[in-house]
Structure formats: C-alpha cells, structure tokens
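Undergrad: Sequence:
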Amino acid sequence: MSDKYTYKGKDLSALILAKIEHVSSMIAERGNVSFDEAYTRFIPTKTFNSLVNPETLMWSESAEYVLGEYC
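The sequence shown: position 38 = 133 (this note's numbering), numbered continuously.
Just so you know, the hints here were simulated from the structure itself, not pulled from any lab data. This one's a predicted model, so the numbers in the text were calculated from it and none came from an experiment. Think of the CB as a built atom: it goes at the ideal place given N, C-alpha and C, for glycine as much as any other residue. Mixed in with the good hints there might be a few duds.
The list that follows gives simulated cross-link-like pairs (lysine-lysine, DSS-like), each with its CA atoms no further than 30 Å apart [said to hold, decoys possible]:
id	residue 1	residue 2
1	114	99
2	141	105
3	114	141
4	141	103
5	103	114
6	99	141
Label pairs and their calculated CB-CB ranges [stated by the list, open to error]:
id	residue 1	residue 2	range
7	98	152	16 to 26 Å
8	163	128	11 to 21 Å
9	117	139	13 to 23 Å
10	141	117	13 to 23 Å
Based on the provided sequences and hints, a complete structural model is requested.
TA: As structure tokens, this is what we get:
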C-alpha cells in the first residue's frame, strides 16, 4: 500500500483509507467476523487493489458498490 494516494494532483489518502475502513466494517458485519478478520480477507482481493489504485476511480464509488464488487 502506498503512503499517499493521489489523482490529478489531489490527495485522496483520507478518502481511500476511510473507504477501506467502511468496506471492511461492512464485510465484518455481513460475515459476522471481527473487523481485523474482515480487513485481512479484503486486502488480497482484486477489489481492494482496484480501490487503492486511484487510476481505476473505484475510490469514487460508494462503499456499497465496492462491497458488491468484493462479493
């Protein structure tokens, strides 16, 4: 994971990190697992990699959309 996420000169780090937290929380709730377990499951996925790659524009989608792509 990068230390800073930028797109067209704008720092998206806080937005992307908040979205990772939100999606991980949703995964935890749906899967009835801890946040840490959900986060660990989310990290190795294509969806996570798309989310942390600003060029894909996945960061601009809702957490619900990202969760749908994960599932």
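Undergrad: Output the indices of the hints that this structure fails to meet, ascending.
TA: none
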